[in-house]
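Novice: Below are the chains, spelled out letter by letter.
There are 2 protein chains.
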Amino acid sequence: MSQQAERYVSVVTGELEEFCAAIFRAVDVPEQDAELAARSLVEADLRGVGSHGVVRLQVYTDRLAARATNPRAEPRILHSTRTCAVMDGDNGLGSIVGVRAMQEALRMAGGEDCAFVAVRNGNHFGTAAFFSEIAAEAGAIGFTFTIGGINHMTPWGGAEAMLGNNPFAVAFPTPLGFPIVLDMACSVAARGKIIVAAKDGTPIPDDWAVGPDGKPTTDPVRALQGFVQPIAGPKGYALTMTVGLLSTMLSGGAFGSEVTHMYEDLSQPQNIGQLFGVLPVGAFLDRADYDAHIKKAAEDVKSVRRAPGVEEIFLPGEREHRAKLRQRAEGVAITAAVLAELKELGERYGLSAPRPIGSRAT
Amino acid sequence: MSQQAERYVSVVTGELEEFCAAIFRAVDVPEQDAELAARSLVEADLRGVGSHGVVRLQVYTDRLAARATNPRAEPRILHSTRTCAVMDGDNGLGSIVGVRAMQEALRMAGGEDCAFVAVRNGNHFGTAAFFSEIAAEAGAIGFTFTIGGINHMTPWGGAEAMLGNNPFAVAFPTPLGFPIVLDMACSVAARGKIIVAAKDGTPIPDDWAVGPDGKPTTDPVRALQGFVQPIAGPKGYALTMTVGLLSTMLSGGAFGSEVTHMYEDLSQPQNIGQLFGVLPVGAFLDRADYDAHIKKAAEDVKSVRRAPGVEEIFLPGEREHRAKLRQRAEGVAITAAVLAELKELGERYGLSAPRPIGSRAT
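From first to last, the protein sequence lines stand for chains A and B. The first sequence lines up with residues 641 to 1002 when you count with the working numbering. The second sequence lines up with residues 641 to 1002 when you count with the working numbering.
Careful: at least some of the hints might be erroneous.
It does not matter which identical chain is meant; a pair holds if it fits inside one copy or across any two.
Unchecked claim - Only pairs whose alpha carbons sit at most 27 Å apart, straight line, appear in this in silico BS3-like list of lysine-lysine: (1) Lys839 - Lys936; (2) Lys964 - Lys833; (3) Lys935 - Lys983; (4) Lys855 - Lys942; (5) Lys855 - Lys983; (6) Lys855 - Lys964; (7) Lys855 - Lys839; (8) Lys833 - Lys855; (9) Lys942 - Lys964; (10) Lys983 - Lys942; (11) Lys839 - Lys935.
Just so you know, these hints were derived from the structure itself, not from any lab.
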């Protein structure tokens, strides 16, 4: 499968964060929220998850400028018990609402109880890992579920978009200097990769997408008229359905036919639903025992015999942690196309995008 | 991919349950526990999940007879807060311990709080759905995670068995007459299918397994010397790792190199770890609002345009529910090979296996 080599440029992390924050401020986001939202985007690029990084700044800004997202949202608790709450995100930026919700879960848990916060009137929030890692830093296993902002998938056997490629993340505290983190969505391949194949005119593997008739296709053009395929067939369909229901049914977030298109419909709020949960390690057992056990588990996994050509076995989230450390020091890589987008966005608001400090091919 | 047609026979559900219970009693399991363990196995066959049904009676019995599993286990809470507990399963049958743990989670939650119970010293428990459905019947979203009883998988890039094909289930209460249930493990295909292909001498798809060198193989014999592949490559590796850690790190269950082989090592308890959790719907919002929303979600999914040749779109768990209703009425299908195994087991304990009431090819 050929894929176009994209040119990457490096920029100084702090400059990129400051630029994003300035853009957010320019569309009326208060200073502290602007900084947090900027940090959540740049964090994704630092982790090497460019699909959820500053490439999203433009759509966030467009939605804020159109007031499809509320720049001055004040999320509030609608209802709560000791350990369960529903938060109305007031249609704020997803990262702002998500951090508040995870903090509320940690507050309710108090290190002694499990706690879950269901969000309605949220928005696209970047990477799910960002929120689960907040819990892990506080000594709790953190769960984050969200419904996707676009229906790109069809139920198993269907030929009509009705489901999002719903992501979720689970983060475990560890004594390793970084959390073990699962962060995944439920499709085989991102739709962006199919777009690249269509531009290249190269066929795609037959498990990436179905055409508009619901049948598997290797033609990227038909695939774009159709739907992305769930991982592992019906398992992935059931998984994305489950993540979608977890994200919306406890809060009243939009599901299925209620989901609007993040990019194409700026006329109304999306009412994205999410679920945040924490299991504090100390509520179950001594942290020292847990630390020793998970360290042993990590060693077991990292020390297995390797397949030929494999240099190292990585724990989930370990590569991303390394990328973050390296890029914080050396500069964060974004594609030249994304930098061009940032420049254009900057011009709209009289702001200068960061200047590249280096470049490389993919 | 050719697959051997297996001959199925039907038996009366009640007779199969009574036979399993009698076998359990014969190896010293108390009456009530014997009935529950029997019901959990037959339930899997009723749902059409034969891999986790009475095919497991023999290994359960062998382990009980060898006292590798404790027939008269008395699970107890080792430690608890208001909403989090660690249960010692006393090395009892997995289904017995799992039901106690889920009931304890529901008791702690009291319809108002979320609650999680981490189990150590448990055993293989059949299908994860069985436990999550208990929560759904009580009006809560139910989570069940378990580590597998055999290390059949290698970490991504590895060539050494270190991970189980760890299953999990999430069940949602609905007003549809059945819960929506995800129940999945983290491999592309069950190892049993590779065994069948090896017997047939037919190649397997290249994403089912890697050989002993950690490289993908279509040769089922090499595959059996190697490891089953996770779904979606590194995503499935991260997922099975996550389910394994959730199942063991909060309780001290066995992970990685600590995991013994359910079938091959009867010299010691397995210390299987599990995690059970509940999110009572009523702790978040009115049940009537939830019911209306999930009914709408189900209708959205079921009513999508269908791919050619597809007669109906199924919700996760819906096929299994239908199979259960049908088989309860008409008799439950098991393979002729499994029935032969039951007969042999019956002879060992002076008990008659159920007599077939019908038969069919796969």
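Novice: Does each hint fit the structure? Answer for all of them.
Specialist: Hints and how they fare:
no., hint, verdict
1, Lys839 - Lys936, "neither (47 Å within a copy, 38 Å between copies)"
2, Lys964 - Lys833, "within (23 Å within a copy, 41 Å between copies)"
3, Lys935 - Lys983, "neither (45 Å within a copy, 46 Å between copies)"
4, Lys855 - Lys942, "between (40 Å within a copy, 18 Å between copies)"
5, Lys855 - Lys983, "neither (41 Å within a copy, 45 Å between copies)"
6, Lys855 - Lys964, "neither (40 Å within a copy, 30 Å between copies)"
7, Lys855 - Lys839, "within (22 Å within a copy, 32 Å between copies)"
8, Lys833 - Lys855, "both (19 Å within a copy, 25 Å between copies)"
9, Lys942 - Lys964, "within (20 Å within a copy, 43 Å between copies)"
10, Lys983 - Lys942, "neither (42 Å within a copy, 45 Å between copies)"
11, Lys839 - Lys935, "neither (45 Å within a copy, 41 Å between copies)"
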